[in-house]
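There are 2 protein chains.
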Amino acid sequence: MKNSNGLKFIALSGTIDVTENLYVYEYGNDMMIVDCGVGFPDLEMPGVELVLPDFSYIVKNKNKLRGIVVSQGHDDHVGALPFLLKELNAPIWCTPLVTEFLKVKFKDYKVTNYKLNTFNPDRDVFSVGPFNIISFRVTHSVPDTVGFAIDTPEGRVFHVAEHKMDQTSADNMNFDIVKAKKLADEKPVLCLMSDCLGSNSPGFTPSGQSIENNLFNIAKDASQAIYMTAISSSIGRFQQMIRVAQKINRKVVLVGRSVQSKIEIAHDLGYLNYPNDLIIDLKESLNYNPRKLVYIIAGCYGQIGSSVYRLALEEHERVKINKGDTFIFSADPGPAYSKESEDFIVDKLVDLGVDVHYYDLGEGLHVSGHGGQEDIKELFKIVKPKYYIPTGGTIRYMKSYEKLAVSVGAKEEDVFRLKPGESVIFEDGQARRGETIKTKEVLVHGLGIGDIGKVVLTDRTALGKEGVVVAVVKTNKQGKIVARPELTSRGFVFEPGYGGVLDEAAIGLDKTLQSKKLQNNSSIKNLTNQFLEKYFYDKTRRHPMILPVVVEV
Amino acid sequence: MKNSNGLKFIALSGTIDVTENLYVYEYGNDMMIVDCGVGFPDLEMPGVELVLPDFSYIVKNKNKLRGIVVSQGHDDHVGALPFLLKELNAPIWCTPLVTEFLKVKFKDYKVTNYKLNTFNPDRDVFSVGPFNIISFRVTHSVPDTVGFAIDTPEGRVFHVAEHKMDQTSADNMNFDIVKAKKLADEKPVLCLMSDCLGSNSPGFTPSGQSIENNLFNIAKDASQAIYMTAISSSIGRFQQMIRVAQKINRKVVLVGRSVQSKIEIAHDLGYLNYPNDLIIDLKESLNYNPRKLVYIIAGCYGQIGSSVYRLALEEHERVKINKGDTFIFSADPGPAYSKESEDFIVDKLVDLGVDVHYYDLGEGLHVSGHGGQEDIKELFKIVKPKYYIPTGGTIRYMKSYEKLAVSVGAKEEDVFRLKPGESVIFEDGQARRGETIKTKEVLVHGLGIGDIGKVVLTDRTALGKEGVVVAVVKTNKQGKIVARPELTSRGFVFEPGYGGVLDEAAIGLDKTLQSKKLQNNSSIKNLTNQFLEKYFYDKTRRHPMILPVVVEV
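Chains as they are written, first to last, in numbering that gives the first Met the number 0: chain A, 0 to 552; chain B, 0 to 552.
These are computed hints drawn from the structure, not numbers from a lab. These numbers come from a predicted model, not from an experiment. Hints should not be assumed to be uniformly reliable.
Copies of one chain are not kept apart here, so a pair can be met inside one copy or by any two copies together.
Below, computed lysine-lysine pairings styled on BS3-like, alpha-carbon distance capped at 30 Å [stated by the list, open to error]: (1) 437 with 322; (2) 59 with 104; (3) 347 with 410; (4) 319 with 109; (5) 473 with 322; (6) 322 with 418; (7) 439 with 319; (8) 476 with 516.
Next comes chain A alone, as it looks inside the complex:
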């Protein structure tokens, strides 16, 4: 059945911000989405806790939505699902590990009306509306990550959200090259939608296999307690840590809820293997000599409030780190705001006399989950698509991905670099740009979803950099000033350093207000603003936000 409008692919989100992956496939009256991730605030979004993609197009068309297909368990691919499911109902298709991760997530968010269809990527085939989907395993930093061959009425496309080609991954879940090749060879592939984040990294992303040996070499010489940390979904990395602990005959203690929960899930699914008595709880660990323990602890970015953070600040309620202990960060630093926190934590630990192994010592303790240039080109060669759409990167990575595609023979015009909301229409084997859906980033702070926009952020930035001065002006019924204005400030100046700048400003403001014939509250406020802005700038070269309050007494 062919619909004359063709297949529409919309990069609703996920092509400018690395995270917030959300892609729409639409054909006639049917719609499917792939992934639904959150993003994280940048430095221009003070106070914001999460960034969501804009669901409004999906919500508006929710009667067309046949299902949500999920490629992997990281939050930038699944984290926005609880928010979407509050607005609509649609079945979710995902692998076993993602199923368990999502159950925990939905419980946390008190989402109950969901339907999870678990598929086995090695054998199951399923349909979502007019889309027939065959998945294949890909190597990533979390097990059970898959790519999809999607048969649409306009032909077969490949959607590979993240992948490495590594055939020796620590979690033993490797890119199924044979299956992907077969799927690509049995029908011509119209388009490949795939991860571009590694498009500036030369070569293949190295295998994580050697990390185990590097961990072992550090751990075997440790004479006291050993701490190791990694991203909490890095099941393969935890397997390596656990095997190292076994080899050096130590018990493992899990510290932090995220690590504990994910390790238990993976163990229950058989994705993580260890004897049951190897992992002991914190209470039991008190009976052990610390030199017989490896702690696997949450908070590899040194996030404020995390277990690692509290440990380094010697504020953890239950674990204490000591001079001579060994600490291994098996992770690269996070984004800008958390890099500073991680550096702070590393310095704290070094200062405590801990033997710290961290990212910039180059000890081979981490590899990226994203494929490099050769991984990307290898995928191109397997899939041999007619068209290309880079996803999961930013503008620069999309450009570099385009260059890689050109290097394997594509033409520039065969690569569609889409900004959020932009679409491509596939019809009769040809692709063209379609309409652009208007989208915005939806910011989450506390219970507020999407209420914070430019005005609030601009005010926060100004308040945060310059502070605030509240000026209370008392008038009588006729609008005449009846007392000297009172000024209160926060975050502006520390008074002892500035004599009585607020008092002097109040005297000056009083004179100015008295000298004018004032008509109404609004003109009083304007004059107060004008006078104080100039006064404070002249005296301090600062720009506190002025908040005039006129009170009729």
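Using the hints provided, position chain B relative to the given structure of chain A.
Just chain B now, kept in the frame of chain A:
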């Protein structure tokens, strides 16, 4: 003349924050300082523009201060001098390029009472109080950088603030190994104070020589205008850019005051060579075909407001970048807050269709000015000191420097890792820890120097993340509430998204205040705070700062 208290070396600043270099040598009633740099605010210092080292110890002892010796022209070594010179008077010793940089700086800061003693590092020897100083050239990213052999009454020490061993530097000012070796061999060296920032980087820092060829290879294929940017003091890099422009037969246009000023200074001193008609001004450039021009432009970190920033946002008043132009960033990204800005700018330029060459493409367009592990070890081998003091790094780099010293035969206890204010006493050939001078970081914002402390920063952070709600409560003389409180907010919620949360809060607050017997303003304020904090948290899970204002009407 020997003083029984020995030689005191104080790391007054510069050993935790990479920047803010300020070191004190004290002997009896004489004091000398080496370098006096500024630091830059981290993410926990909103609104702060500069960070100064704490001068109070020097100011308190200013009658002992015989002079200030400067090792190089970067702001983290000289930027705090205008501030120090406002508090005291002391002669400054520096090389020719630093002399000219400082004259410009002092003019900018309206400092007039200064005395600059310019020395030629290839031949001059000078004394500052009881300290006899012989300098020698070192390779760095700015010309005229030197190390010092300092003869003190307790023996000879080496102070090498920053250095690479590279003998093929772009500015032709290379580490004078012969001289340094001779100085180290002719007397035993008591202690080496030296840069530790590269102590985690394996090998030697590569020579910058190959950058010229890499620039050329990009530039020769450019079919339109070429833009190049680097740190504005990178005279050697500018020399390379200028030679490339000559080779491809283009004129050079300088954009941005910092680049213009520094290139002119270096040219006048003969440190930068080009024919006078090679550089043309912006006005003249309008007569040229853009394909005959190379713009050297300021703002390599994409700093907000810089020439590069305005160019990329198409807001520059005098230069316009076009699709197909070439842009070369010959610099690594800056610290966290500017990294985000630089990434933003790179993406903007890529999006405009510019051919952008930036740090993570690995095209060999930049090298660090700091020596790597082998540069540091080479210095150790030349100087062969008895003791070591790492400077210019952070806790982790001091630790890694210690490991390098141990690797060449030092004992751990021969390396003094000093935090700001900590000191070492040298007496009779032995070193021991001395007293710690109490110091704090001095924050600069506008005209305020040091008035911003923990209270203001904490308030700013809270205001910036959560916004503010001002509650005006009107009472009569008896302290009775006479009208419903009025609430105004900024940076808290965007009202349409939140219905009337402020109105509802005002109603609730009114009820609560009316229901209590209130005694005075302070109890009204407390109750207002308590009520609103809880109310807003319950409704929004946010914590705006509450500013209650009680007005008697």
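Please sort residue 59 with residue 104 into within, between, both or neither, judging by C-alpha distance up to 30 Å. Within. Shortest intra-copy distance 25 Å satisfies the 30 Å Cα cut-off; inter-copy 60 Å does not.
Alpha-carbon proximity context of residue 476 and residue 516, limit 30 Å: Result: close both inside a copy and across copies, 14 Å intra and 29 Å inter.
Under a CA distance limit of 30 Å, which applies to residue 347 and residue 410: within one copy, between copies, both, or neither? between (52 Å within a copy, 23 Å between copies)
At most 30 Å between CA atoms: does that hold for residue 473 and residue 322 within a copy, between copies, both, or neither? neither (61 Å within a copy, 58 Å between copies)
Intra- versus inter-copy proximity for residue 109 and residue 319 (alpha-carbon distance at most 30 Å): neither (34 Å within a copy, 53 Å between copies)
Have a look at residue 322 and residue 418 and pick one of within, between, both or neither, based on CA distance no larger than 30 Å. Between copies only: 18 Å across, 50 Å inside.
Go through the copies and call it for residue 439 and residue 319: within, between, both or neither, with a Cα cutoff of 30 Å. This pair counts as between: shortest inter-copy Cα distance 29 Å, intra-copy 45 Å.
For residue 437 and residue 322, with the copy left unspecified, which applies at a CA distance of at most 30 Å: within, between, both, or neither? between (56 Å within a copy, 25 Å between copies)
Violated hints, listed in ascending order, are 4 and 5; each of the other numbered hints is respected by the structure.
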